[in-house]
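Read top to bottom, the protein sequences are chains A and B.
According to my numbering, the stretch in the first sequence is residues 1 to 267, in order.
According to my numbering, the stretch in the second sequence is residues 1 to 116, in order.
Derived by calculation from the structure, the hints in this document are not laboratory data.
Here the structure is a predicted model, which means the values were calculated and not measured.
Some hints could be false.
Claimed, not checked - Stretch by stretch, here's where chain B covers chain A in the computed footprint (C-beta under 8 Å, at least three residues):
(1) 45–56
(2) 192–206
Unchecked claim - Computed beta-carbon distance windows for the label pairs:
(3) Asp192(A) with Trp74(B): 16 to 24 Å
(4) His262(A) with Leu40(B): 41 to 49 Å
(5) Glu169(A) with Lys89(B): 42 to 50 Å
(6) Thr82(B) with Lys147(A): 37 to 45 Å
(7) Thr114(B) with Leu61(A): 24 to 32 Å
(8) Lys147(A) with Ser85(B): 53 to 61 Å
(9) Ala150(A) with Pro91(B): 47 to 55 Å
(10) Glu169(A) with Arg37(B): 38 to 46 Å
(11) Tyr107(B) with Lys147(A): 35 to 43 Å
Built from N, CA and C at the ideal position, the CB exists for glycine as well.
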Amino acid sequence: MSTLAGAERRGAASGREAMPPDVEYALRLGDDALVLSQRLSEWITRAPALEEEMALANIALDLLGQARALLTHAGEREGHGRDEDALAFLRPERELRNCLLVELPGGDFGRTVARLLLFSAYQLELYASLQLSTDPMLAAVAARAVKEVAYHRNHAILWTLRLGDGTEESHRRIQRGLDEVWPYAAELFESDPLVRDLARRGVAIDPSGLRATWDGAVRAVLAEATLTVPDDGWAPSGGRLGLHTEHLGYLFAEMQHLHRSHPGASW
Amino acid sequence: MSAPAGPSGGSDLPPESGTVSPARADWPLWEVFVRGRRGLSHSHAGSLHAPDARVALGNARDLFTRRMEGVSIWVVPSAAITASSPDEKDPFFDPAADKAYRHPSFYEIPEGVTNL
Numbered sequence: 001m002s003t004l005a006g007a008e009r010r011g012a013a014s015g016r017e018a019m020p021p022d023v024e025y026a027l028r029l030g031d032d033a034l035v036l037s038q039r040l041s042e043w044i045t046r047a048p049a050l051e052e053e054m055a056l057a058n059i060a061l062d063l064l065g066q067a068r069a070l071l072t073h074a075g076e077r078e079g080h081g082r083d084e085d086a087l088a089f090l091r092p093e094r095e096l097r098n099c100l101l102v103e104l105p106g107g108d109f110g111r112t113v114a115r116l117l118l119f120s121a122y123q124l125e126l127y128a129s130l131q132l133s134t135d136p137m138l139a140a141v142a143a144r145a146v147k148e149v150a151y152h153r154n155h156a157i158l159w160t161l162r163l164g165d166g167t168e169e170s171h172r173r174i175q176r177g178l179d180e181v182w183p184y185a186a187e188l189f190e191s192d193p194l195v196r197d198l199a200r201r202g203v204a205i206d207p208s209g210l211r212a213t214w215d216g217a218v219r220a221v222l223a224e225a226t227l228t229v230p231d232d233g234w235a236p237s238g239g240r241l242g243l244h245t246e247h248l249g250y251l252f253a254e255m256q257h258l259h260r261s262h263p264g265a266s267w
Numbered sequence: 001m002s003a004p005a006g007p008s009g010g011s012d013l014p015p016e017s018g019t020v021s022p023a024r025a026d027w028p029l030w031e032v033f034v035r036g037r038r039g040l041s042h043s044h045a046g047s048l049h050a051p052d053a054r055v056a057l058g059n060a061r062d063l064f065t066r067r068m069e070g071v072s073i074w075v076v077p078s079a080a081i082t083a084s085s086p087d088e089k090d091p092f093f094d095p096a097a098d099k100a101y102r103h104p105s106f107y108e109i110p111e112g113v114t115n116l
């Protein structure tokens with residue numbers, strides 16, 4: 001590649017223009033995991049019980065592990081020398097490719113459980129299929145993550161059933177949390193030319209194909225938990241284009257502060 | 001959205017924290033037994049609080065098997081365990097102290113027998 005072309009590509013990357021599709025795809029998956037990991041870790045010292053705090057922290061760490069592998073992979077495929085830290089801590093929020101669902105504030109425990117149920121059920125379908133990716137790195141990440149995510153989903157189901165079919169108060173709280181996060185689930189299954197093209201080449205999974213299985217699994221849990229499935233209607237999106245809710249900025253301030261203040265800090 | 005701010009939004013408490021029932025303080029205690037690997041028996045790993053057996057099992061997984069410590073977990077309500085009391089220590093255990101014949105130490109091991 002000529003120097004000029006290299007400079008152009010570099011300029012394009014920093015100018016938030018189109019990145020290579022496989023880099024973009026790895027960032028979508030990695031950013032989802034990164035942001036939800038940060039959200040869940042906010043429960044540390046604040047969970048309803050010490051035991052539950054450990055459970056949420058374990059899930060957050062699993063997601064962070066997925067994010068590290070995926071961001072490292074994205075950086076290598078991009079070829080501009082950005083490592084996992086550069087991608088996690090030095091991108092502005094408009095360059096984040098996560099879905100809006102994961103950046104919503106955790107709210108109370110009911111909302112955290114509702115969000116984890118919707119997201120982990122999606123991730124389980126995604127990773128189960130992605131194990132067959134023609135990209136060996138994505139296939140390897142998926143093969144490891146699918147077991148982790150199965151546990152995340154089981155944990156979310158366990159609490160969805162107990163809160164939903166628990167006391168009047170717990171039912172009210174998780175129903176409210178579910179009503180709040182439900183509209184954001186639609187974005188998980190959005191397809192676009194980029195992902196369809198990658199899917200045709202066997203690299204990616206077109207998420208629109210996961211919706212039916214996800215719907216069946218999630219609705220069954222909600223029914224058993226005596227919860228009402230919210231109506232589909234308003235379906236906000238834009239996360240994959242870098243158009244985020246106001247909440248991501250606050251999350252970023254906390255997540256990126258240390259690295260930006262002390263570049264390269266380690267301990 | 002009109003949702004309450006999450007932990008990073010400034011308000012860490014659930015929106016109606018004043019109404020949280022004290023029930024969670026009453027979660028029963030469970031004893032956790034973990035089997036390290038096949039062929040070994042379960043041994044006591046610790047205890048935890050959980051509202052029911054299934055949650056206790058999940059909590060035990062998260063608390064006691066994070067570093068590959070086990071292949072099997074039992075949880076038992078602590079209340080279901082009947083334990084000997086320290087007050088009974090003398091009648092329970094002391095009489096065994098001077099009964100060396102209960103140990104298999106009076107057998108001659110035939111020559112040539114290995115692995116015994």
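Structure-based check of all given hints:
1. With a threshold of 8 Å between beta carbons, the proposed coverage of the stretch 45–56 of chain A by chain B holds, since 8 of its residues qualify and at least three are required.
2. For a cut-off of 8 Å, the count of residues in the stretch 192–206 of chain A with a CB near a CB of chain B stands at 0, and the three-residue condition is violated.
3. Checked against the hint of 16 to 24 Å, the C-beta distance between Asp192(A) and Trp74(B) comes to roughly 49 Å, which is inconsistent with it.
4. For His262(A) and Leu40(B), the Cβ-Cβ distance of about 46 Å falls inside the hinted range of 41 to 49 Å, so the restraint holds.
5. Checked against the hint of 42 to 50 Å, the C-beta distance between Glu169(A) and Lys89(B) comes to roughly 47 Å, which is consistent with it.
6. Between Thr82(B) and Lys147(A), the C-beta spacing of about 38 Å keeps the proposed range 37 to 45 Å intact.
7. Roughly 48 Å separates the CB atoms of Thr114(B) and Leu61(A), a value that falls outside the hinted 24 to 32 Å.
8. At roughly 44 Å, the beta carbons of Lys147(A) and Ser85(B) sit outside the given window of 53 to 61 Å.
9. For Ala150(A) and Pro91(B), the hinted distance range of 47 to 55 Å is satisfied, since their beta carbons lie about 51 Å from each other.
10. Between Glu169(A) and Arg37(B) the Cβ separation comes to about 43 Å, which falls inside the hinted range of 38 to 46 Å.
11. Judged by the Cβ atoms, the range 35 to 43 Å given for Tyr107(B) and Lys147(A) is violated: they are separated by roughly 50 Å.
Going down the numbered hints, you'll see the structure goes against 2, 3, 7, 8 and 11, while the others check out.
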